[in-house]
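Visitor: Line by line, the protein sequences give chains A and B. Residue numbers for the first sequence follow the numbering used here, beginning at 515 and rising by one. Residue numbers for the second sequence follow the numbering used here, beginning at 515 and rising by one.
Incorrect hints may appear among the rest.
To be verified - DSSO-like mimics (lysine-lysine), calculated; alpha carbons at most 27 Å apart, straight line:
(1) 765/A - 594/B
(2) 840/B - 574/B
(3) 799/A - 594/B
(4) 765/B - 765/A
(5) 737/A - 737/B
(6) 701/A - 765/A
(7) 799/B - 799/A
(8) 765/B - 594/B
These are calculated hints, taken from the structure and not from any lab test.
2 protein chains.
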Amino acid sequence: MRWTGFSLNFLWRTPARSDRLCLVDTTLAITYHEHGKPADVLRLEERPLPEVGPQEVKIKLLKAVINPSDFGMVLGSYGKLAELPAVGGREGVAEVIEVGSEVTHLRAGDRIRFPENAGVWQTAAVVPAKDVWKVPADVDLDLAAMAWVNPPTAWRILRDANIHEGSWIVQNAANSAVGLFTIQMAKYLGLRTLNVVRREELIEPLKGYGADVVVTEDSGYEKQVKALTDGGEVTLAFNSVGGESAIRLVKALSRGGTHITFGAMTFEAVRWPTRYLIFNDICLKGFWLDRWYRDNSPERIQVMFDNLFNLMRTGVISAPVSATYKIQDFAQALEASTSPKLGKVLLEP
Amino acid sequence: MRWTGFSLNFLWRTPARSDRLCLVDTTLAITYHEHGKPADVLRLEERPLPEVGPQEVKIKLLKAVINPSDFGMVLGSYGKLAELPAVGGREGVAEVIEVGSEVTHLRAGDRIRFPENAGVWQTAAVVPAKDVWKVPADVDLDLAAMAWVNPPTAWRILRDANIHEGSWIVQNAANSAVGLFTIQMAKYLGLRTLNVVRREELIEPLKGYGADVVVTEDSGYEKQVKALTDGGEVTLAFNSVGGESAIRLVKALSRGGTHITFGAMTFEAVRWPTRYLIFNDICLKGFWLDRWYRDNSPERIQVMFDNLFNLMRTGVISAPVSATYKIQDFAQALEASTSPKLGKVLLEP
Chain A
515 MRWTGFSLNF LWRTPARSDR LCLVDTTLAI TYHEHGKPAD VLRLEERPLP
565 EVGPQEVKIK LLKAVINPSD FGMVLGSYGK LAELPAVGGR EGVAEVIEVG
615 SEVTHLRAGD RIRFPENAGV WQTAAVVPAK DVWKVPADVD LDLAAMAWVN
665 PPTAWRILRD ANIHEGSWIV QNAANSAVGL FTIQMAKYLG LRTLNVVRRE
715 ELIEPLKGYG ADVVVTEDSG YEKQVKALTD GGEVTLAFNS VGGESAIRLV
765 KALSRGGTHI TFGAMTFEAV RWPTRYLIFN DICLKGFWLD RWYRDNSPER
815 IQVMFDNLFN LMRTGVISAP VSATYKIQDF AQALEASTSP KLGKVLLEP
Chain B
515 MRWTGFSLNF LWRTPARSDR LCLVDTTLAI TYHEHGKPAD VLRLEERPLP
565 EVGPQEVKIK LLKAVINPSD FGMVLGSYGK LAELPAVGGR EGVAEVIEVG
615 SEVTHLRAGD RIRFPENAGV WQTAAVVPAK DVWKVPADVD LDLAAMAWVN
665 PPTAWRILRD ANIHEGSWIV QNAANSAVGL FTIQMAKYLG LRTLNVVRRE
715 ELIEPLKGYG ADVVVTEDSG YEKQVKALTD GGEVTLAFNS VGGESAIRLV
765 KALSRGGTHI TFGAMTFEAV RWPTRYLIFN DICLKGFWLD RWYRDNSPER
815 IQVMFDNLFN LMRTGVISAP VSATYKIQDF AQALEASTSP KLGKVLLEP
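Working from the sequences, and respecting the hints, build out all of it.
Guide: Structure follows, in structure tokens:
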């Protein structure tokens, strides 16, 4: 792993930590100049920030998140890629520290989503004011940082699927962030969850989040679904793993069920048994939040986030943080984010 | 292969061939008493026919069809199975030769669908009058025999998919009966077809049926779709093969396309690349005509067949017959039906 800009760190952090905000004139960023393994291509760079234009704002990072799709973008395998060289990271929360002369709807001190296009794994940025989404100040800061990728993924799949109250959802990687949000949102929506995990020690924590049933991957659960759900109908499967795990979900679904792939942790191709498509009327679909954002109006997106922030405020959904690292400790942070854990790894300036 | 009843054949066929219809008091049937390979478990049996009850009719076979799903039912691998012992075959056309005292809507000489529940690979049967669907006398007899499985499969997939005029369909096994009906129906509906076959000698015959483009399986067509379709949108894939062939169809689809599996010629599981589900918004579904029949009213089924018979009468759809065998030559017929060919193999008394 290559590191640059280290010598400037101390100098840089001093003003950012004080209240002399006007002195934030550089950003310390985790960047990549080519696609490849994160450990090979990511590096720390200090860059000067441009002047704040009339329709721009200067922001400083509060918390950023490390998500699996961040790795896909760095690797070049994701469905959309950033122009190179790029700053990593897509999700986080920031604070406005300087406002351009023509910007009227934002002021210093506002809490906002760190705009994805800028790359989120950096301590500060100057961004177009139009790209900024506000975050209510009373939402927990860690939850606000995690609000933009996983909660809307769980919410959209649950809301847009044709499912009725009382029916069951089955999901693998149930201890993932989407998994935990799905458990909590499903309960709120009157649905029940059959949760699949790889490690037994996750069973009790997931029940603490409201999971109805938790089983391990190789327990043969897919043959005992009727007993596990007390004969309930399993109408929706959340697949973010792939391989054999994805097939077990297909088998666990009731006739006419929908299987939605939104991630591919194992990167294994899936050997679907086509007879389930034909005879059990199973439908296999994908969900990609980026496309949903692209296909929906700012108003509709805002309505969804109003909804999600309410669920956060009222404690309907919460999420554990596994650990928080400084930006300059990103190598350890990335490693921690790929180890078995419960909760996201966050970055802070 | 075991054969029985051979000695009676000649005696039996004499009255059926004459007009002394009242003498049809036995049926010569291709039966199976257990599930297994067709060559092992199918046998020819002569059985007496019961008296015609007040709400029944006696029918004699005109033409029966050999379809891939017939093999699945004999093997025991199909999604629904007949009670054993059973008569093979699900599709054919018959003539009413005797009518029960309370039956008012049918008369001797009517042409009808040979009811599936009775098992179609037999020369005659006594069946409930309520199970009988009439066939217009002006529809070509061979086409009428083939009307019940493949044309409605092609029609329902085309009609129930959300596709717009001018868009493209891609299909493998394009020389199958469903394939040929799809080519002709698509043209009628203002759609275009990209057809995949395994043998080059099928290219010209398929063009004769109205295929827009015909390619071979390993031509790499899935990477040249834009050129082949002149940039057109490929919105629907018909998969009846499985394996690598099914995956090529996924790759050939435009963003948001639907991939429908209605058969599994190779019986291979399919290694779906899940990234197409997520990033290309591809949806994988199945179609099973048996379920469609079960889920729809007799009126709606009748409307569809009125429609299909019209397409047959007006020459919009037609289909080749590869060969016609006598019931007692079924061993050769079954073998012929699994060999490379263009057109169905039919059975006749």
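Visitor: State the violated hints by number, sorted upward, taking the hints as numbered earlier in the document.
Guide: 5, 8
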